[in-house]
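Asker: Residue-level listing of the chains:
Protein chains: 2
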Amino acid sequence: MRSDCAVANTLDIVGDKWSLLIVRDLLAAPELRYGDFLSSGEHIPTNTLADRLKKLEQAGIVERELYSEHPPRAVYRLTRAGRELGRVVDAMADWGVKHLPGTRRITP
Amino acid sequence: MRSDCAVANTLDIVGDKWSLLIVRDLLAAPELRYGDFLSSGEHIPTNTLADRLKKLEQAGIVERELYSEHPPRAVYRLTRAGRELGRVVDAMADWGVKHLPGTRRITP
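Same order as they appear, the protein sequences are chains A and B.
Numbering follows our numbering, with no gaps: position 96 of the first sequence is 231.
Numbering follows our numbering, with no gaps: position 10 of the second sequence is 145.
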């Protein structure tokens with residue numbers, strides 16, 4: 136813990152270029168499979184995706200449910216805490232649309 | 136540009152563990168000097184601070200004004216675009232206070 140600041144501690148979890156894009160994708164769909172994230176426009180590297188999904192699950196933002204054991208296959212959903220990051224994602228979308236020419240709001 | 140998504144492009148600028156803490160500090164004060172940032176609770180390393188301030192200035196989020204030439208000394212302020220990141224910082228503060236025990240909202 137760098138400090139007791141709520142912003143700093145939130146950044147320790149989602150302060151990177153990818154985590155909030157995973158949250159963005161899950162805000163637009165009730166659940167996603169691993170491969171669904173790979174098909175987003177930013178082309179997240181698969182090792183980065185695996186790392187971030189694990190971190191988000193440990194932080195209680197994403198939940199993972201196995202729907203097949205052989206081979207192991209899972210779906211991912213936002214927890215309630217994860218859905219509440221929607222306000223952060225939404226504020227970033229508004230800021231980007233206003234200040235970064237050529238960008239647009241991706242659903243939702 | 137990874138995609139035309141406003142969130143992805145915003146994260147390309149402030150998607151790290153430090154940039155939004157610099158914005159946080161500047162939301163609480165009309166202007167700050169370099170050393171002021173170093174005294175925040177998270178103890179940002181000085182080379183990281185210099186790098187992030189430069190990046191934020193290039194992105195039009197922070198403006199820098201020299202108030203002494205010999206030795207060179209500057210003050211830093213948020214631009215209007217920078218102040219509008221306040222909604223992102225605010226949403227992160229609310230999320231942290233609610234979901235991360237032991238954290239608190241630092242002024243403002």
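Watch out, some of these pointers could steer you wrong.
Said to hold, decoys possible - Residues from chain A that keep clear of chain B, each with C-beta distances beyond 10 Å, as calculated:
1) A141
2) L173
3) E219
4) V224
5) D225
6) A226
To be verified - Coverage of chain B stretches by chain A, computed from C-beta distances (three or more under 8 Å per stretch; other residues unrestricted):
7) 155-166
8) 181-190
9) 200-214
Simulated from the structure, these hints should not be mistaken for laboratory data.
Even for Gly, the Cβ is constructed at its ideal location relative to N, Cα and C.
Asker: Determine for every hint whether it applies to the structure shown.
Answerer: Results for each hint:
no.: 1; hint: A141; in the structure: violated (3 Å)
no.: 2; hint: L173; in the structure: holds (14 Å)
no.: 3; hint: E219; in the structure: violated (6 Å)
no.: 4; hint: V224; in the structure: violated (6 Å)
no.: 5; hint: D225; in the structure: violated (8 Å)
no.: 6; hint: A226; in the structure: violated (4 Å)
no.: 7; hint: 155-166; in the structure: holds (count 3)
no.: 8; hint: 181-190; in the structure: violated (count 0)
no.: 9; hint: 200-214; in the structure: violated (count 0)
Hints 1, 3, 4, 5, 6, 8 and 9 from the list above are not met by this structure, while the remaining hints are.
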